[in-house]
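Let's have the full structure, built from the sequences with the hints guiding it.
As you go down the protein sequences, you meet chains A and B in turn.
The number in the working numbering is simply the position in the first sequence, starting from 1, with 625 added.
The number in the working numbering is simply the position in the second sequence, starting from 1, with 625 added.
The set of hints was computed from the structure by calculation and includes no laboratory data.
The reader is advised that the hints may include incorrect statements.
Intra- or inter-copy, both count: the list cannot distinguish identical chains.
Unchecked claim - In silico DSBU-like pairs for lysine-lysine, Cα to Cα no more than 35 angstroms straight-line: (1) K740 / K960; (2) K779 / K969; (3) K674 / K779; (4) K693 / K969; (5) K969 / K817; (6) K740 / K911; (7) K693 / K960; (8) K922 / K872; (9) K872 / K779; (10) K922 / K693; (11) K960 / K817; (12) K674 / K969; (13) K911 / K779; (14) K960 / K674; (15) K960 / K922; (16) K922 / K674; (17) K911 / K872.
Number of protein chains: 2
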Amino acid sequence: MPLLFIECFLEKANIRLLTITGKLRLVIDTGIGNIAKNCRGSSVLNTKKTAVIGLGSMGWGAALSLLKAGFVVRGCDVRSEVLTRFAESGGTPCTTPASAAEDADVILVYVVNSKQVEDVLFGQSGALETARPSTTFLLCATMAPSATTAIAEKLEAAGMFVIDAPVSGGHVRALSGEITVMASGTPEAFDKASAVLDAISAKVFRLGDRPGAGSQVKMINQLLAGVHIAATAEAMTLAAKAGIDLKTLYDVICVSAGSSWMFENRGEHIVSGDYTPRSAVNIFVKDLGIVTSEAGKAGAVTPLAAAALDLFEEASQAGFGLEDDAAVAKILAAKSGASLPGVKD
Amino acid sequence: MPLLFIECFLEKANIRLLTITGKLRLVIDTGIGNIAKNCRGSSVLNTKKTAVIGLGSMGWGAALSLLKAGFVVRGCDVRSEVLTRFAESGGTPCTTPASAAEDADVILVYVVNSKQVEDVLFGQSGALETARPSTTFLLCATMAPSATTAIAEKLEAAGMFVIDAPVSGGHVRALSGEITVMASGTPEAFDKASAVLDAISAKVFRLGDRPGAGSQVKMINQLLAGVHIAATAEAMTLAAKAGIDLKTLYDVICVSAGSSWMFENRGEHIVSGDYTPRSAVNIFVKDLGIVTSEAGKAGAVTPLAAAALDLFEEASQAGFGLEDDAAVAKILAAKSGASLPGVKD
Numbered sequence: 626m627p628l629l630f631i632e633c634f635l636e637k638a639n640i641r642l643l644t645i646t647g648k649l650r651l652v653i654d655t656g657i658g659n660i661a662k663n664c665r666g667s668s669v670l671n672t673k674k675t676a677v678i679g680l681g682s683m684g685w686g687a688a689l690s691l692l693k694a695g696f697v698v699r700g701c702d703v704r705s706e707v708l709t710r711f712a713e714s715g716g717t718p719c720t721t722p723a724s725a726a727e728d729a730d731v732i733l734v735y736v737v738n739s740k741q742v743e744d745v746l747f748g749q750s751g752a753l754e755t756a757r758p759s760t761t762f763l764l765c766a767t768m769a770p771s772a773t774t775a776i777a778e779k780l781e782a783a784g785m786f787v788i789d790a791p792v793s794g795g796h797v798r799a800l801s802g803e804i805t806v807m808a809s810g811t812p813e814a815f816d817k818a819s820a821v822l823d824a825i826s827a828k829v830f831r832l833g834d835r836p837g838a839g840s841q842v843k844m845i846n847q848l849l850a851g852v853h854i855a856a857t858a859e860a861m862t863l864a865a866k867a868g869i870d871l872k873t874l875y876d877v878i879c880v881s882a883g884s885s886w887m888f889e890n891r892g893e894h895i896v897s898g899d900y901t902p903r904s905a906v907n908i909f910v911k912d913l914g915i916v917t918s919e920a921g922k923a924g925a926v927t928p929l930a931a932a933a934l935d936l937f938e939e940a941s942q943a944g945f946g947l948e949d950d951a952a953v954a955k956i957l958a959a960k961s962g963a964s965l966p967g968v969k970d
Numbered sequence: 626m627p628l629l630f631i632e633c634f635l636e637k638a639n640i641r642l643l644t645i646t647g648k649l650r651l652v653i654d655t656g657i658g659n660i661a662k663n664c665r666g667s668s669v670l671n672t673k674k675t676a677v678i679g680l681g682s683m684g685w686g687a688a689l690s691l692l693k694a695g696f697v698v699r700g701c702d703v704r705s706e707v708l709t710r711f712a713e714s715g716g717t718p719c720t721t722p723a724s725a726a727e728d729a730d731v732i733l734v735y736v737v738n739s740k741q742v743e744d745v746l747f748g749q750s751g752a753l754e755t756a757r758p759s760t761t762f763l764l765c766a767t768m769a770p771s772a773t774t775a776i777a778e779k780l781e782a783a784g785m786f787v788i789d790a791p792v793s794g795g796h797v798r799a800l801s802g803e804i805t806v807m808a809s810g811t812p813e814a815f816d817k818a819s820a821v822l823d824a825i826s827a828k829v830f831r832l833g834d835r836p837g838a839g840s841q842v843k844m845i846n847q848l849l850a851g852v853h854i855a856a857t858a859e860a861m862t863l864a865a866k867a868g869i870d871l872k873t874l875y876d877v878i879c880v881s882a883g884s885s886w887m888f889e890n891r892g893e894h895i896v897s898g899d900y901t902p903r904s905a906v907n908i909f910v911k912d913l914g915i916v917t918s919e920a921g922k923a924g925a926v927t928p929l930a931a932a933a934l935d936l937f938e939e940a941s942q943a944g945f946g947l948e949d950d951a952a953v954a955k956i957l958a959a960k961s962g963a964s965l966p967g968v969k970d
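So, in structure tokens, the structure goes:
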């Protein structure tokens, strides 16, 4: 990334520096928004009440980061064992979104897709049954931009603030409060969610005032991420078929023009034959489905995303849906008659 | 790249350190070969006579790097204006491969494809007409591994040494003698070409004793590079169609999981609407053609490489073959009805 104009909100930083734990915020202006980066520490200006709906790997990480930062956190999940673990970690377990949303200042929605988001917000025992007006909702699921916009409008019509806030970075970073947020929303919404965003993320891209803009950028990121995972799988499979040592190939490509963030990350899973899910095949069935569907509606062609989606769908249908997304390589290996480490021929 | 076992050939380094310009070589063992990196400076143990056949952007860079390092360099090209410029730069211009190869210790072949390599080596006035036995040939074109193997066998049958030495890194690095070489060949061939490799490259991956292994790894690199360029074009086009500011998107993706070496590099060309050829569309028509053809012969499936190749072929047929490879975006934009910077709708 080229160096952009850097400005420090020194007054804000100074107040925090003097009053709490020494937190400095850097804001890098991108023209239409800004990138906020927490430099160190963690602080809460006013202890706030939060709710996290959906305690999957990313939601769990956010909830624990909020607890660590001193927030009161009510957490909601359909799995009772997760709620038990959450109570043991210091959170307040809730069995419905409505009970989690009671009294909350900020509500983070971490379920998987737009259908689930609608259910937990607007369905029976949904958050809107109890949420007070002016509550701020962070929509953290990866959704079609059109779905995000529709949901945000419905929330705003009910008097709520909304930040479109899809996240990136994986469960390890979620747990350490260091994810990236591709965010958009009104300045008021950001003001209200500022301390929460500080607690859960290392970087917040502010992509505009309109919910939907964050989801658009996340969608493009997922197009690239999904294609790169599939390309990594294709490259490794062809290499295995050609008799190339995969570890050597991995080392060479990682420092060559063929490299990608996903090649470096998922390529290692294929080399070691480890398909423990960090992110799952089914996530990319969903996310590349969003890409091709939204592109189709807009009249844009996405032949690579379509080819990658085909592979993830085949992998899911073959029973690999809950495995690591790198398991898309198993489909290519089976079709190519190639042997990959740790994969039965 | 994970840190590998590092061993320094201290005796070699010391000799050079003491006798020439202070050159240190680090060799990182990858198990089946090694990665040699020049740390600083440039030296020639014995002034050697070299020939560079094909003074295109990469060959020109290599030839000038050799001249700078003190080699005698005979250069051959079909374009008389290039030969004139080469003479002005201190090289010896030759109109045929045969005249360039006279008296050479090491011959670098930098033409575009395997057909041209065969012509300049074995055709009329080809290098084999004059090359002395035991001359070392560096085959630097990106060729199908099967073609490389066949050409190397023919050279070795004529008593020559061969290094399969496709290069990566672009013309800027070629000019500064800092390309990467994905190399394979016998230890004797490497010994004979060592000073030449030092002069033209920053990094040499030694991928085995057998010519063909270097071309295999280069082919996998090109699969990824070509797919990543096409994915960059697809992502930028969809973003443009969705009304996302491309510069902001570029800045966000460069530090997110959707990034790739090619996205960072070629994405900038699309954002600025600059299609001045650094590498050309036609190069990827050739290289992805090699990938799909070799994969087809081996029975491997490569749906992403095939989809990317379709786009590069369409771009070439539409008249963009000699433009920067990022011009593949023009095809996607035309099909999608999207407006890209600097591209007429």
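Practice item. Would you list, in rising numerical order, the hints stated earlier that this structure does not obey? Key: Hint check: 2, 4, 5, 7, 10, 11, 12, 14 and 16 fail, others pass.
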